[in-house]
Amino acid sequence: MAPSKKFFNKIDKIEIKNVSKNYGAVIAVNQVSLDIIGGELLILLGPSGCGKTTLLRMINRLVETDDGQILINGQDVKSFNPVLLRKNIGYVIQQIGLFPHMTVKENISLVPKLEGWTEKEMNQRVKELLELVSLPPEQFLNRKPKELSGGQQQRIGLARAMVMDSPLLLMDEPFGALDPILRKQLQEEFIKVKERLQRTIIFVTHDIEEAFRLGDRVAILREGQLIQVARKNELLVNPANDFIADIVDSNKKFRHLDNLTIKDTMLPLEKKYIFQSDETAQSAIQRMIKEQIEFGIVLENHNYKGTIKLNQLYANQEKKLKEIYSQVPTYNSTDSVAIALDDMKKNNNFIGIVMEDEPIGILLSDELLSRLI
Amino acid sequence: MIDINIILNAVGEHLFLAYSALFISIILAIPLAIISLYNRYLASVLLVLANLVQAIPSFAVVAIAVPLLGIGFKPAIFAIILRIILPLFKNAYTGLKDIDFFYIDSARGIGLNKMEILRYIRFPHAFPAIFAGIKFAAVIANSVAILTSLIGAGGLGELIFEGLTNFNIPKVLTGAIPAMIIAILLDVSFSLIEKRISLEN
Chain Y
1 MAPSKKFFNK IDKIEIKNVS KNYGAVIAVN QVSLDIIGGE LLILLGPSGC GKTTLLRMIN
61 RLVETDDGQI LINGQDVKSF NPVLLRKNIG YVIQQIGLFP HMTVKENISL VPKLEGWTEK
121 EMNQRVKELL ELVSLPPEQF LNRKPKELSG GQQQRIGLAR AMVMDSPLLL MDEPFGALDP
181 ILRKQLQEEF IKVKERLQRT IIFVTHDIEE AFRLGDRVAI LREGQLIQVA RKNELLVNPA
241 NDFIADIVDS NKKFRHLDNL TIKDTMLPLE KKYIFQSDET AQSAIQRMIK EQIEFGIVLE
301 NHNYKGTIKL NQLYANQEKK LKEIYSQVPT YNSTDSVAIA LDDMKKNNNF IGIVMEDEPI
361 GILLSDELLS RLI
Chain E
374 MIDINIILNA VGEHLFLAYS ALFISIILAI PLAIISLYNR YLASVLLVLA NLVQAIPSFA
434 VVAIAVPLLG IGFKPAIFAI ILRIILPLFK NAYTGLKDID FFYIDSARGI GLNKMEILRY
494 IRFPHAFPAI FAGIKFAAVI ANSVAILTSL IGAGGLGELI FEGLTNFNIP KVLTGAIPAM
554 IIAILLDVSF SLIEKRISLE N
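Protein chains in written order, with our numbering: chain Y, 1 to 373; chain E, 374 to 574.
None of these hints come from the bench; they were simulated from the model. Here the structure is a predicted model, which means the values were calculated and not measured. Treat the hints with care, since some could be wrong.
[Said to hold, decoys possible] Within a straight-line C-alpha distance of at most 25 Å, the following computed SDA-like cross-link-like pairs (lysine to any residue) qualify: (1) Y:Lys5 x E:Lys487; (2) Y:Lys5 x E:Ile477; (3) Y:Lys144 x E:Arg492; (4) Y:Lys113 x E:Asn539; (5) E:Lys487 x Y:Asp76; (6) Y:Lys113 x E:Phe496; (7) Y:Lys322 x Y:Leu299; (8) E:Lys487 x Y:Pro100; (9) Y:Lys346 x Y:Pro268.
Can you build the whole structure from these sequences, using the hints too?
Structure follows, in structure tokens:
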């Protein structure tokens, strides 16, 4: 179901024309012009204070432009009632902002409720969305936000943003507050959701790896100005200036990639990721929520057996971990990063275990490095 | 012995006085808090007043009512309202106001208007603070309602003060004991409700 006043069925084009915003003497956004193509995921990338969030918030009029115009399908956003406009555009922020006094269901269905949906319609929609973001509905419908881990809260935030089925989604660093492994997991999940839904998405981040993994095109901003907008490979091959060359090549390690071993780039294995094979799924769930992780390594007498993910545990709560773990690739700590990353990319893995005699680290896929290999 | 009807009558007067004052104060304080949310000037004036009034002894507030309204029930109710309305306001206002910006931000972002944000986000968030204010105000109203018998409002205070002037200790107690029981019941019942609210939140 759509909002009572549906402004767009699909996004053909968003045109940002010479848009500016000042806060007193500070110029937050300076004469930015940018076209967003319907159906793409455009990344707004830049350091903090570059104006990317302000630019995003001008699209749903949480911030009003001082100068210039933003057109969605040719219509000026200022011609819409701002509250109705926002009901037509999904919005997700880093702090998520789930309302603490409401259950998951109430959070997701708040706007539908204000729009006068029936209880049955709301229930059905909430269930659909929870399944979409890989949370078993019966387990989560009636929980309060504080009973959820950060990753689960972020999924609910995404579900809430999609409840009105809007063809445009604005996301402001949604994964920014999560630890690197969880961020990677949610990014991979998000890619699947995105492919299924085919929305136009504008996504703010300061993480270049995230930009390269998720984006179709990347717009780079600096001090309120748009420096370059291009497809990802073009940014690598053809950076517009030194600033961009610097961002895409910010890490000197790229220059001697061939000499890097896995041990140089992996995340050292922290204790919180280790689970024992005779532990029950139920207790693993509790530990993961407490530790704010959704990934674990299963050991049996110090021997590596496999890995577990939080999502898959819910369906098997009574079982022991030895019955449900799954395999991800393992790599030797002295192997070359280039070879390992290439292998991961080919096999569509985003996480690998680094071994010496026992697991010592976790290797995450690296979109940027992979492209440079 | 003192007639039980006299005591019941005094209890009735006392409760009527204290609770009509409390009720009127709540009805005035909460809209004031809401208006102040959108009017910074009003908010700062009222907050300064609230802090000042906190420092004035209740007895002085009761005394001030006499030159303004004479003696009897009306000045008594006025004095109690004067004493409790600003603390009520202050709690309601800070409860509505002090909410992390990102809750408001995400509420606006998903398309709630100002009234909806007030109703669905700010109010539930402010409820514990508003309730704590009501509890505090009820306790104050209960004690000021004893003092107001000095300006002819009747109630339990009348028994107490008459007893004191005549060295009639039983009479003092017939006023003081019900007053204490009311205060204790008030505190216990409000604490129970408060616990329930905080559990729900």
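- Query: Can you name, in rising order, the numbers of the hints this structure does not satisfy?
  - Reply: 4
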